[in-house]
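Throw the hints in and build the complete structure from the sequences for me.
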Amino acid sequence: TQLLEQSPQFLSIQEGENLTVYCNSSSVFSSLQWYRQEPGEGPVLLVTVVTGGEVKKLKRLTFQFGDARKDSSLHITAAQPGDTGLYLCAGADTGRRALTFGSGTRLQVQP
Amino acid sequence: SQTIHQWPATLVQPVGSPLSLECTVEGTSNPNLYWYRQAAGRGLQLLFYSVGIGQISSEVPQNLSASRPQDRQFILSSKKLLLSDSGFYLCAWSVLKGGGYTFGSGTRLTVV
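Residue numbers (our numbering), protein chains in the order written: chain A, 68 to 178; chain B, 59 to 170.
Watch out, some of these pointers could steer you wrong.
Unchecked claim - Covered stretches of chain A (in silico footprint by chain B; criterion: 3 or more residues with CB under 8 angstroms from a CB of chain B, positions within the stretch not fixed):
no., segment
1, 97–108
2, 111–118
3, 167–177
Note that these hints are calculated values from the structure, not bench results.
Note that the coordinates shown come from a computational prediction; the quantities given were computed from them, not determined experimentally.
Using N, Cα and C, we set each Cβ at its ideal position, and we do this for glycine too.
So, in structure tokens, the structure goes:
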């Protein structure tokens, strides 16, 4: 069974601070995705990374896929209250039809 | 544009009652369809996925079932609900295997 572990589970920071969320596995994934979910809503796709070592930037968010394609990180610069939510990573591999989701990191940014 | 509809948004059902949650997709053909369940503020557990009409794969043995009577319709059912069935149920679709998912807005099910 493939597992994706995210850390930290919960993060509360002040507006303007930087943070990094990690997503780790012992399995190799063909691609990895990051989603953000707000309370009472479905997750929304932020980015997909495919190549080992790949770095993608989405405004203040920087996503990196590990060289071995087993881990990923999400870095947020100068966090804002609007970044508050549950961040989920999800891995895809050639042997499964569906994504495997991580346990989630709940981020709270205080104004 | 593609849209996904999921209903109802909230549901309170007694133990032992039946369940039917419906999900429909518009604006695409032959999507991969998925049902996930989410415990409070945590990750998503895959329940069922479907790559075509009548094709259902189950990930977790339980008292839930799924059906896909039409290309863009996915239904989650139960004959008798258990307390442990409470949770947030999410339907999603994708075009490609491993591609990004578009999720519905979810159904909050409380079994009492």
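Structure-based check of all given hints:
no.	hint	in the structure
1	97–108	holds (count 6)
2	111–118	holds (count 3)
3	167–177	holds (count 6)
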